[in-house]
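Make the complex out of the two chains shown on their own, each in a separate frame, by following the hints.
What follows is the residue order along each chain.
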Amino acid sequence: DAGVIQSPRHEVTEMGQEVTLRCKPISGHNSLFWYRQTMMRGLELLIYFNNNVPIDDSGMPEDRFSAKMPNASFSTLKIQPSEPRDSAVYFCASSSLGAGEKLFFGSGTQLSVL
Amino acid sequence: LAKTTQPISMDSYEGQEVNITCSHNNIATNDYITWYQQFPSQGPRFIIQGYKTKVTNEVASLFIPADRKSSTLSLPRVSLSDTAVYYCLVGDNNSGTYKYIFGTGTRLKVLA
Chain A
1 DAGVIQSPRH
11 EVTEMGQEVT
21 LRCKPISGHN
31 SLFWYRQTMM
41 RGLELLIYFN
51 NNVPIDDSGM
61 PEDRFSAKMP
71 NASFSTLKIQ
81 PSEPRDSAVY
91 FCASSSLGAG
101 EKLFFGSGTQ
111 LSVL
Chain B
1001 LAKTTQPISM
1011 DSYEGQEVNI
1021 TCSHNNIATN
1031 DYITWYQQFP
1041 SQGPRFIIQG
1051 YKTKVTNEVA
1061 SLFIPADRKS
1071 STLSLPRVSL
1081 SDTAVYYCLV
1091 GDNNSGTYKY
1101 IFGTGTRLKV
1111 LA
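Chains A and B supply the protein sequences, listed in that same order. Those letters in the first sequence? Residues 1 to 114, by this note's numbering. Those letters in the second sequence? Residues 1001 to 1112, by this note's numbering.
Chain B with its partners taken away, still in its complex shape (with noise of 0.2 Å):
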């Protein structure tokens, strides 16, 4: 099972911002936070991680809490072009050996 939980869809405009929030309870101390972008008949494609507070680059930024339980993606000045499915991710180590597990991801429909 993923240890991730996140809305199933979402609908924005383009030129505003979005923000994806993902539940992790179970994080473990040493899992870090992945967030993915997939485009329709593409592979996921890496976006941004981090391990706790803040963490910007040229497309989105995370902003993580103290008791990192959850994460938060944020998408600044949307276009048409982000329509896409966006997964968050923690690697699961709980059977002794590093993997990674998908949910079902946000699927982000940006309409003009």
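Just chain A, with the same shape it has in the complex (with noise of 0.2 Å):
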């Protein structure tokens, strides 16, 4: 299997712009999430899906963030319109629903908003 894949690795943006994350979770896996780490703030869980329906939203700062999963093979987040202050590794995760299942996560993106 090749693991969580996420796109693109880094992006480079300037403020006022739209930015959209991509990722393919593991086959077969039913929840996603996507969790965004500073140095500041650590690892934050922004949002996840549970068989493609948004379940827990609350970690979403602002409206101008907003993710979708149209189907079990893929997912976005976006950020429109971009801020300095977004400038951060946003990963992605799956995991087969229930508990004490185990968390893969992609390799991450690195935004940087200029």
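Take the hints with a grain of salt, since some may be wrong.
Stated by the list, open to error - Cβ-to-Cβ under 10 Å is the rule here; a few derived chain B residues that face chain A:
1) TYR1013
2) GLN1038
3) SER1041
4) SER1061
5) PHE1063
Said to hold, decoys possible - Lysine-lysine pairs mimicking DSS-like chemistry, simulated, CA-CA at most 30 Å apart:
6) A/LYS102 to B/LYS1109
7) A/LYS102 to B/LYS1069
8) B/LYS1052 to A/LYS102
In case anyone wonders, no lab produced these hints; they're calculated from the structure. For glycine and all other residues, C-beta sits at the position ideal for the given N, C-alpha and C.
Shown next as structure tokens:
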């Protein structure tokens, strides 16, 4: 299995631009998580899906952030408009549904908003 | 808020055994305890998981007392390549759905 695949690996954009981050979970996994990591705030859970349905988006910082999961093999995290304070590493993780299931992380997207 | 508390950092020397303890006083009955390792520029990676007593795999051991309010990750004979951040995680089912909230983690530095 190729693991969780995220793209792009790096993204540099200017303030005000729209940014779309992509994630392909491991086949057969039915839970998907988006995390953001910064030095100041550590790993923050933004949103997660079970069976393609958003379950908890309480970690999404503002309305500028949105996430979708149109099918079991694809999810996007969109920031519109982007701001310098959105600069961070964004990780996607997937797992099988249920207690005790392990999280498998992608390599992350390093986002820099200038 | 994370349900776990760990030391912020630890230093050790190559060849030593390292024990990292995590407190999770409010662990729920059906929560597992899972430890992850994260290297710079990579996502966290699963190390070991347990529910009670002791679990051992090729990488580490996990000790869990009977009350399950804490756990200890034990890394035998660490090497420089074990320098990483180690996170202790328990599930969070308080809001009616199951999610995983990371704490600050323990930054382990292995010295030559």
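Are any of the numbered hints broken by this structure? If so, which, sorted upward? Result: hints 1, 4 and 5 break, sorted rising.
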